[in-house]
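Peer 1: Take a look at the letters that make up each chain.
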Amino acid sequence: MSTEKGLNITLKVWRQKNAQAKGQLDTYEMKDVSPNNSFLEMLDILNDDLINQGDNPVAFDHDCREGICGACSLHINGEPHGPGRNVTTCQLHMREFQDGETIYIEPFRAKAFPVIKDLIVDRSALDRIQHAGGYISVNTSGNTQDANAIPIEKENADKAFDAATCIGCGACVAACKNASASLFVSAKVSQFALLPQGQVEAKDRVLNMVKQAEAEGFGPCSNTGACEIECPKGISIENIARMNREFLSASLTK
Amino acid sequence: MSNLNSKIPAGSLKDKWTDYKNNIRLVNPANKRNIDVIVVGTGLAGGSAAATLAELGYNVKAFCYQDSPRRAHSIAAQGGINAAKNYQGDGDSTYRLFYDTIKGGDYRSREANVYRLAEVSANIIDQCVAQGVPFARDYGGLLDNRSFGGVLVSRTFYAKGQTGQQLLLGAYSAMNRQIAKGKIEMFNRHEMLDVVIIDGKARGIIARNLVTGEIQRHSAHAVVIASGGYGNVFFLSTNAMGSNATAAWKIHKKGAYFANPCYTQIHPTCIPVHGTQQSKLTLMSESLRNDGRIWVPKKLEDAKAVREGKLRPVDIKEEDRDYYLERRYPSFGNLVPRDVASRAAKERCDAGFGIVNNDTKEGVFLDFASAIQRYGKEQAHIKGIHNPSKEEIIALGEKVIESKYGNLFDMYTQITAENPYKTPMKIYPAVHYTMGGTWVDYNLMTTVPGLYSIGESNFSDHGANRLGASALMQGLADGYFVLPYTIGDYLADDIRTGKIPTNTPEFEEAEKGVKDTIHKLVNNKGKHSVDYFHKKLGLIMWNKVGMARTPEGLKEAITEIAALREEFWKDVRVPGDADELNQELEKAGRVADFLELGELFARDALERNESCGGHFREDFRTEDGEAKRDDENYTYVAAWEYTGKPSEAILHKEDLVFENVELKTRSYK
Ligand SMILES: Cc1cc2nc3c(=O)[nH]c(=O)nc-3n(C[C@H](O)[C@H](O)[C@H](O)COP(=O)(O)OP(=O)(O)OC[C@H]3O[C@@H](n4cnc5c(N)ncnc54)[C@H](O)[C@@H]3O)c2cc1C
Ligand code: SF4
Ligand code: FES
Chain A
1 MSTEKGLNIT LKVWRQKNAQ AKGQLDTYEM KDVSPNNSFL EMLDILNDDL INQGDNPVAF
61 DHDCREGICG ACSLHINGEP HGPGRNVTTC QLHMREFQDG ETIYIEPFRA KAFPVIKDLI
121 VDRSALDRIQ HAGGYISVNT SGNTQDANAI PIEKENADKA FDAATCIGCG ACVAACKNAS
181 ASLFVSAKVS QFALLPQGQV EAKDRVLNMV KQAEAEGFGP CSNTGACEIE CPKGISIENI
241 ARMNREFLSA SLTK
Chain B
255 MSNLNSKIPA GSLKDKWTDY KNNIRLVNPA NKRNIDVIVV GTGLAGGSAA ATLAELGYNV
315 KAFCYQDSPR RAHSIAAQGG INAAKNYQGD GDSTYRLFYD TIKGGDYRSR EANVYRLAEV
375 SANIIDQCVA QGVPFARDYG GLLDNRSFGG VLVSRTFYAK GQTGQQLLLG AYSAMNRQIA
435 KGKIEMFNRH EMLDVVIIDG KARGIIARNL VTGEIQRHSA HAVVIASGGY GNVFFLSTNA
495 MGSNATAAWK IHKKGAYFAN PCYTQIHPTC IPVHGTQQSK LTLMSESLRN DGRIWVPKKL
555 EDAKAVREGK LRPVDIKEED RDYYLERRYP SFGNLVPRDV ASRAAKERCD AGFGIVNNDT
615 KEGVFLDFAS AIQRYGKEQA HIKGIHNPSK EEIIALGEKV IESKYGNLFD MYTQITAENP
675 YKTPMKIYPA VHYTMGGTWV DYNLMTTVPG LYSIGESNFS DHGANRLGAS ALMQGLADGY
735 FVLPYTIGDY LADDIRTGKI PTNTPEFEEA EKGVKDTIHK LVNNKGKHSV DYFHKKLGLI
795 MWNKVGMART PEGLKEAITE IAALREEFWK DVRVPGDADE LNQELEKAGR VADFLELGEL
855 FARDALERNE SCGGHFREDF RTEDGEAKRD DENYTYVAAW EYTGKPSEAI LHKEDLVFEN
915 VELKTRSYK
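Protein chains in written order, with the working numbering: chain A, 1 to 254; chain B, 255 to 923.
Among the hints, erroneous ones may be present.
Stated by the list, open to error - Keeping only pairs whose Cα atoms sit at most 27 Å apart, straight-line, the calculated DSS-like set for lysine-lysine is:
(1) B:K899 x B:K824
(2) A:K211 x B:K437
(3) B:K753 x B:K455
(4) B:K789 x A:K31
(5) A:K5 x B:K789
(6) B:K766 x B:K507
(7) B:K564 x A:K5
Treat the hints as calculated values from the structure; they're not laboratory data.
Construct the entire structure; sequences and hints are all you get.
Peer 2: Written as structure tokens, this is what we have:
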């Protein structure tokens, strides 16, 4: 593997000094990039070069680099998290690209995700949606019943788990022409709606979380399904359907 | 003699915690409203502590360097969390979990702490289920378990390969509930850069807003550090890119003793290094060893041919394979503890049997073919397929493997472009976890009054080696069930103190120190980037303070690290300014601290003239290559006091007393 030929690529990278500044795409040439490098390792190399030349490195969010923390968030060649399905930016490898290719790298774009610097955006709106109801009101002091006291049907438990694997990256928002956060919100709503523990507050939860998403400036869902395609965790739009049902029944009875 | 008081309560092991809790001082709810607590870190430890303290009524300020508490590195834990529930009826109990942990830690941890951990473990699972954490279940709807290394029972609860994520999201949701109520004030993208001590007590921190660069003062009646481990001192590790020792190191420099820095866990099953531009290493969960068999070729020429790409592993005949763990440790086989498995891999690779074509030829196979066969046949039987074809068996078996480890297999394919269903995984040990950390007493308080350390950042429960699935357990035990009690005993004296002002000389001085360091870094204009130094440090650590240590190597490491540190301060280049988002500046501060910690780490390893758990000294081993402890002289916790330089740190010893277990040579044969 290590004998594979290096790639020469051209990068067009969004540079923006801070939230107030105007940004632009800058061009960088990269020579002999190993196809075994991850996409972010390629950016590390670019940054090392920039630093050595006395320039400012490109700022981008990342932390775990294994597809689970949800920090990385690059819009690559027009797609959140770039080409490839079910991967985050940090899991993308250079072998997905061709020698001689030009790669456009931009931040996730949405009204509710203002740019902080270069490729870093502010996604705290997603946290605020969770504050509005993304929890079960149980005290943490340990006076709970035995974990096996309520059996949960495996099928529902598995579905709840699948919904719960959302990493809060915001790719669904960036993929959506309305910048809707529906997939993200529905993942949390579904996780709890599918579990007996979540039933008590189900109505308030869905109403409050949806309301908060609107207040943050996320758009409405028009069912294009773009979010599901770009979601690195394969969160299904069935969850949006479930959320809509929950929302409707909650609106009727509350 | 030692001035360390571990404050272990009297009484029998079984009753200590209960009796202690019954007699501890409490703060009444009305008074809690007048008390502020700072929690640095929002991983399992910090997140659970912040939520619980807020729920009890304290005013909590929580900090993390990521843009959301949900991204703390606990999120990356894969395999599971232990609890002595005995749901499988396989003979598990609080005592057995306690005993396994003490033995797994190679008899270098405190009995009382470990027993308490085992005792509260069952409650953690109840708590998490109540919060809606979707653990794996069986078809009857009850919770499922798996086994981890170093034990003979199934006590590990899991959520596929995303257990840490699900547990952290549970703690995060509990935090969100308190954030919504205004009981937790959350500071995302903020980094703690120093602790403030007033009249000998921790009373606040200095933090940098990572977006604006603003340096801030925050006061509180107590400060809790939950900043995770320091594995990134090796540059390459399974930790997140931002994982760091800064909070733990800064408090060390202000008086908190640092314990057992040399106890590091090198995890046996990680994806091998691919090249010099690599930025981090990826773990393949230990749970894979439930079904994967580890081997290398028996013949040197086969190993060479595999490395050169001339021989496929699947073409190596059964009798030409060396399943070295099964050979050396028949009773535990592939499920020996991590330290043992890692050293065995190194031993084979040092002998020339490594199968990966990288600079060091380091790598071994983790093979699922037998498990696929076994499950395939089982499924065929269940489904009533008579005389299934070979292909049918494989397809059915692969399905089972996929349902258990699908996301891990996908992750492996992403990184290596190989298909582990069809060809064995290639793995090698990598730095993963640090058992060492801030010294704390039974209350989880450091040697500075009012300053606590919980989760991976403390040293408390795992001795010289941590068992798989026990870090998540410890983090949540500390945060949900231990600290919220013990901190009350301390804060009971503070009900009349009132708000701690920040316009005092102590805050002034701490802030000035932080600003001066930042100023120095951004104006240094040296020749090399921060990573240049970090990588160099990592190589010294890996080669001389890694899996096998010698006195000569350690002495060299100490000198080399000190020299590198000097070079760093002379020659580091940090572009950009102090008053903006500046990721190089963040890294520079962290690496500066690693460059001090690394030296103390090597000194600690040199001082400990024995092999135990994750600390393996070439000069202390048995004839068959196993670790050789020296219980007579080294049954103590090494707690280091900072006095100005790592080389001048003073060693304090906390003797470990074993009243309930007999110290034995650890054997997994
Ligand atoms: C890949 C991987 C897999 C693992 N799998 C398992 C497993 O299956 N089972 C198991 O039991 N254990 C596992 N572990 C170990 C376990 O995940 C960790 O030990 C544990 O999660 C640590 O939790 P913590 O709360 O102590 O720290 P972390 O989760 O690391 O959190 C640290 C927090 O501190 C904050 N922080 C750090 N420094 C500062 C600062 N200066 N200022 C402000 N904030 C700061 C960070 O922002 C973060 O919020 C695994 C570890 C890794 C790396
Ligand atoms: S639903 Fe998918 S794309 Fe949206 S935040 Fe969650 S993981 Fe990311
Ligand atoms: S860096 Fe954590 S998901 Fe990409």
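Peer 1: Indicate, hint by hint, whether the structure satisfies it.
Peer 2: Evaluated hints:
Proximity of K899 (chain B) to K824 (chain B) is assessed by CA-CA distance (about 17 Å); at most 27 Å being required, the pair is judged to hold. Restraint check for K211 (chain A) and K437 (chain B): satisfied, since their Cα atoms lie roughly 22 Å apart, inside the 27 Å limit. A distance of roughly 14 Å separates the Cα atoms of K753 (chain B) and K455 (chain B); the hinted pair therefore holds under the 27 Å criterion. In summary, the hint linking K789 (chain B) to K31 (chain A) is supported, as the alpha carbons are separated by about 22 Å, within the 27 Å threshold.
At most 27 Å may separate the alpha-carbon atoms for a hinted pair to count; K5 (chain A) and K789 (chain B) meet this at roughly 25 Å. Restraint check: the Cα-Cα separation between K766 (chain B) and K507 (chain B) comes to about 16 Å, which is no more than 27 Å; the hinted pair holds. Proposed proximity of K564 (chain B) and K5 (chain A) is supported: the alpha carbons are some 20 Å apart, at most 27 Å.
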